[in-house]
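J.: Residue strings, one per chain:
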Amino acid sequence: MKSILTCQGITKSYGSGDIIENVLKQVDLEFFEGQASVLIGPSGSGKTTLLSILGCLLAPSEGQLLIADQSVNFFDKSSLTEVRRQKLGFIFQHAQLLPFLTIEENLAIVGRNAGMNDADIKQRLDNLLQRLELQAMRYKHPNQLSGGQRQRVAIARALLHRPSIVLADEPTAALDWLTGKTVVELLLEQARLEKAVLVVVTHDTRMLPLFDRILSIADGLLSEQQQTAIADNTFYTQT
Amino acid sequence: MIPFLINTMASVVIAVSTKMLSHNRMRFVMTVTGIAIAFFLAAAQIGLLVGWINTNSAIINNAGVDIWVMAKETRTLDYGTAIPRHRIQQVSSVKGVAWAEGMLVGWINWQHPEGKHITVEVIGLDNANAGGPWRMAEGNIASIRLPETVIVDELSKQALGTLHVGDEAEMEGRRVIIGGFSQGVRTFTAAPFVFTSIENALDYVPYYHYDEISYVLVRAVPNANILDIRDRIAQEVSDVEVLTTDEFAERSVKYWMLETGVGITVIITAALGLLVGAVIMSQTLFAITQDHIANYATLLALGFHQKTLRQIVLTQSLSLGGLGIIVGLVLFFLACNASARSPIPLETTPMVTMGLVAFSLLCCIASSWFSIRAIFKLDPVSVFHG
Ligand SMILES: Nc1ncnc2c1ncn2[C@@H]1O[C@H](COP(=O)(O)OP(=O)(O)O)[C@@H](O)[C@H]1O
Ligand SMILES: [Mg+2]
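The listed protein sequences derive, respectively, from chains A and B.
Letter by letter, the first sequence follows residues 1 to 239 of my numbering.
Letter by letter, the second sequence follows residues 1 to 386 of my numbering.
Do not rely on the hints blindly, as some may be mistaken.
Straight line, CA to CA, 30 Å or less: simulated DSS-like cross-link-like pairs of lysine-lysine [unchecked claim]: (1) LYS122(A) <-> LYS307(B); (2) LYS25(A) <-> LYS72(B); (3) LYS181(A) <-> LYS195(A); (4) LYS77(A) <-> LYS377(B); (5) LYS195(A) <-> LYS2(A).
Taking beta-carbon pairs under 7 Å as the criterion, some of the chain B residues facing chain A (in silico) [said to hold, decoys possible]: (6) HIS23; (7) MET26; (8) THR298; (9) ALA301; (10) GLY303; (11) HIS305; (12) PRO380; (13) VAL381; (14) VAL383; (15) PHE384.
It is worth saying that the hints were derived from the structure and are not from the lab.
Ideal Cβ positions, reconstructed from N, Cα and C, are used throughout, including at glycine.
Pulled out of the complex, with its shape left as it was, chain A reads as follows (with noise of 0.2 Å):
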């Protein structure tokens, strides 16, 4: 399996002086092409913070991130935004559409800014709004979808760009928990389909059987759980 997304020895912590506060201690990790996680954890528990470094938008306090064997710069603003803009998807809790925007533009801004061309945009906006079930709102503006669809704009404009990374923090936390489920459901399906490495955060335990990986964050160590088999978490996918 070829390995996407790797964290040697990734250590935050914030403050300074007597009031440091580590947040994250030597956290190792290594993700592999189309592999789906899972991050749990308590609140606070550095789950944001620990994505945030991944998505190349926090810089460790020491550690490596090497994104397909290139060591990541955090140094360097712009070269940040040049891996986030070539191999990055995000979802954030609150869909954050823009909401001056219609869908279609919405999407096809995050294609033109990845450089891909009109044709490709439109021919891959035509099949993700297909694949999602959006092809009603593509005209629309975001204040007139729902939390639900809104955060499938949100998937498809984390694919659009074809990233090799995907990363979700919380997307069902606004909705209920069925239409989460049917998000999360998507999510996955979608991103399996693309061989994106995918990390989602959530609260909600019932989803863990969806994914190949269970990480588990508490007082700043990573753990990484046995995913039962599926016939054992009845429980969790009863709906």
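Use these hints to put chain B with the ligands onto chain A, whose structure you have.
T.: Relative to the frame of chain A, chain B with the ligands by itself:
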């Protein structure tokens, strides 16, 4: 659909910036209106200044001559002092001079038919009427050859109390008859112009001798080098100053605008107008940027470069400013038109207009500084905490 229309990142910048602006239509309209008014105020001040400058040099520029000969240290046309009348003959005999004639300027008392006194500026004209009115509203310029006959401008009918050709009034206690009305000869001072012949003028103006005038107006032979002729006159005729028409116009304008402080006041007011515009612009733009700061953070997180975001802000400032300036220009041109026949006209030249627009656009760019700084300081990691 805009992202599909144009082939580059520019399309994204344009789409995002304009749609962000038009999203809040009310604020958009208010901002453009504010900038338009500010620009109009500044333009009106400048237009007033240009109008004054034109008024100020109108007689000089419309005289149809190339060179002016005058007493030394003459600061402006209006304050000409006496030189001997035979300077006309001396100047005429200089090589390259086609013809020369005299002109007399004096300030005297005019008695309104109803009794009140006002000061007028009498202009005495020679045979060819050089330096006289260039457009007549009523009557004929030739009438000033008649004794006691004068021409005044239609704009000063009320002030002088003479509404019709043939009306009478008094200057320095002696009768004057209106022979006609000129058109568009404005006065920059409060004193209306009264045109008549040199001979008539000498009868009224007490402090001029019969053998004195104020200026010699010179027409050069065709295709001559005006500067050479100017220098030759200065060499051959003693006790005078010799200026080309442009030089004299410039000196007159400079006197009124700079030495009297009028121009400085107007320029300061114009600058204040633009400053107000820039402040409105800067505040609105900053408010818009702040309103959308989360969206900017999202764009940064999604891999848009800082440069692109700065271009979005700049595009907004230029489009708000550009629209405001266009609306302001339309208002200004309307005002120029409406004031064309008033005593205080707004006027402009292509150079002045372009300079004003360029300066205003610079103000717009400068006013985006706060917004650009806010974007500069933006950390995309904030998206996860939005
Ligand atoms: N910018 C920051 N400055 C200081 N402390 C921070 C900052 N961001 C997060 N923290 C702290 O780091 C810890 C982990 O935060 P976070 O990664 O957001 O946790 P989670 O997403 O798991 O709830 C928290 O205790 C939080 O207070
Ligand atoms: Mg969090």
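J.: Take the hints in turn and mark each one as holding or not.
T.: Okay, the hints, checked on the actual structure:
no., hint, result
1, LYS122(A) <-> LYS307(B), "26 Å, holds"
2, LYS25(A) <-> LYS72(B), "91 Å, violated"
3, LYS181(A) <-> LYS195(A), "21 Å, holds"
4, LYS77(A) <-> LYS377(B), "12 Å, holds"
5, LYS195(A) <-> LYS2(A), "11 Å, holds"
6, HIS23, "4 Å, holds"
7, MET26, "14 Å, violated"
8, THR298, "5 Å, holds"
9, ALA301, "6 Å, holds"
10, GLY303, "3 Å, holds"
11, HIS305, "5 Å, holds"
12, PRO380, "5 Å, holds"
13, VAL381, "4 Å, holds"
14, VAL383, "6 Å, holds"
15, PHE384, "5 Å, holds"
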